[in-house]
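Each residue of the sequence shown is one higher than the one before, starting from -11 at the first, in this note's numbering.
Treat the hints as calculated values from the structure; they're not laboratory data. Just to be clear, a hint being listed does not mean it is correct.
[Unchecked claim] The calculated lysine-lysine pairs, modelled on DSS-like cross-linking and capped at a C-alpha distance of 25 Å, are:
| no. | residue 1 | residue 2 |
| --- | --- | --- |
| 1 | K32 | K20 |
| 2 | K50 | K20 |
| 3 | K50 | K32 |
[To be verified] Between beta-carbon pairs, the in silico distance windows are:
| no. | residue 1 | residue 2 | range |
| --- | --- | --- | --- |
| 4 | T82 | D19 | 13 to 21 Å |
| 5 | W96 | L52 | 29 to 37 Å |
| 6 | P4 | Q49 | 32 to 40 Å |
| 7 | R116 | Q49 | 25 to 33 Å |
| 8 | E30 | D3 | 27 to 35 Å |
| 9 | D78 | N102 | 30 to 38 Å |
| 10 | T11 | C93 | 16 to 24 Å |
| 11 | A91 | E60 | 37 to 45 Å |
| 12 | V118 | A8 | 14 to 22 Å |
Here a beta-carbon is modelled for each residue, glycine too, at the ideal position from N, C-alpha and C.
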Amino acid sequence: MAARPAPEKNCEHIDPRVEALVTDLIGRVADKWTMILLEILEEKGTQRFTQIARAVPDISQKMLTQTLRRMERDGMLTRTVHPVVPPRVDYALTPLGETLSEAFCGVWMWAEANLERVEHAREEFDARQVAV
């Protein structure tokens, strides 16, 4: 669950709709598939369903479909169905999705800057668990 910001002197009330949206979006985008799909669409631009599936080989077709639909519902991407045979469906980030992708850039930069520290902490933790 998202941490609620500390109340400021001039901010006595947090809009419950904003709080619900933050909680919902963090839960949704914190799932690895959404983050990965944001990255793919940001880097490669408009992609067909099959191109996305090839770029994320570990995701099932069902999970890919569900994740894309949730992202579309939240306004993060557009889904364009072309009236051709065989059917062609393209996905692209919306400006809203691009801003979310930009926000996650900070997470990637933090991970890169702290990779060795996190790995070291995990190794120390694992070593203590074996010793117990």
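Now the hints, each set against the structure:
| no. | hint | result |
| --- | --- | --- |
| 1 | K32 to K20 | holds, 18 Å |
| 2 | K50 to K20 | holds, 15 Å |
| 3 | K50 to K32 | holds, 22 Å |
| 4 | T82 to D19: 13 to 21 Å | holds, 19 Å |
| 5 | W96 to L52: 29 to 37 Å | violated, 22 Å |
| 6 | P4 to Q49: 32 to 40 Å | holds, 37 Å |
| 7 | R116 to Q49: 25 to 33 Å | violated, 41 Å |
| 8 | E30 to D3: 27 to 35 Å | holds, 29 Å |
| 9 | D78 to N102: 30 to 38 Å | holds, 36 Å |
| 10 | T11 to C93: 16 to 24 Å | holds, 22 Å |
| 11 | A91 to E60: 37 to 45 Å | violated, 19 Å |
| 12 | V118 to A8: 14 to 22 Å | violated, 42 Å |
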